[in-house]
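Residues in the sequence shown are numbered consecutively from 1, following the working numbering.
Quick caveat, the hints were computed from the structure, so don't treat them as lab data.
Any given hint might turn out to be false.
Pairwise CB distance ranges (calculated) [to be verified]:
1. Q210 <-> R25: 25 to 33 Å
2. D172 <-> N282: 12 to 20 Å
3. A14 <-> P251: 32 to 40 Å
4. T140 <-> Q286: 22 to 30 Å
5. A250 <-> K211: 36 to 44 Å
6. A116 <-> K200: 41 to 49 Å
7. N75 <-> K211: 42 to 50 Å
8. A250 <-> N149: 23 to 31 Å
9. P82 <-> Q210: 52 to 60 Å
10. D207 <-> R25: 28 to 36 Å
All residues carry an ideal CB built from backbone N, CA and C; glycine is no exception.
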Amino acid sequence: MRLSGQPGNFGAYADWEAGKQLLRRAVELGVNFIDTAEAYGPGFNEEIIASALHPYPEDLVIATKGGINKPSPDNIQADGSPESLRKSVEASLKRLKRDRLDLYQLHRPDSKVLFAESIGALAQLKQEGKIRHLGISNVTLEQIEEARNIVEIASVQNRFSITERSNQNILDYCTQNNIAFIPYGSLDAHPLKRGAPLAKAEGILADIAQKKGEGLSPEFDSGACLHRFVWCTPRVKPNQIALAWLLHYAPNIILIPGTTTIAHLEENIAVNSIHLNTDEINLLDQIDKI
């Protein structure tokens, strides 16, 4: 999951105590992967995670990112210099109260710095024991291959959703090479597929969601728990179908849908209990061709 709660991901979390409760509830429900970044806040997102969850459960993986400076909500500056990355890693270690970062991702390549220099700096930090696994984000296939020639890459985080598959080649490459793929914008629509195509895609999602909702057991409809995860409505929502499709689509996908409320968190977690049959998967696979 990804904790979201600041407009433009800038500033302290809107309701600090509610954010801590949300994180604790996520762990209670079995969430064991949390994605954050130095740029979220900046820094506040990492701080609230530590405030809520430290000392951390043994199985919890916290993935963070660096390489971006964000002095204001609309001012995002890539900085992949070795000096800046070292400073960012040290700051994330301090904010998260960790001796080593589980997964550290280069947030975005910096056009002012050779990509190999940025990756080399992170590889050095990994060798020093400050980073366990390295990931990269917002990258091309060529950049993934360049990075892998320098250091082992554990994950790639690029935009991908049921209606936005421009990074299909990246996902395919990651699947073939046992690299985790972390799709951000997992509920975003392709900018060129708005209007009638998007409406048709949304209709397909809504139809499948309705059928899934009609098939729920009476116990489920009465508000009881399903596999200890509480669904907040007896109906399945189209967004849940879109997320369920991602889980079916590739075995190396790790979902990080953002959330601001416990109710939304529980809806997202309930996606794990949605089974899509072969016909439904085939239909959803074709949505991006509409």
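Output the numbers, in ascending order, of every earlier hint that fails for this structure. 5
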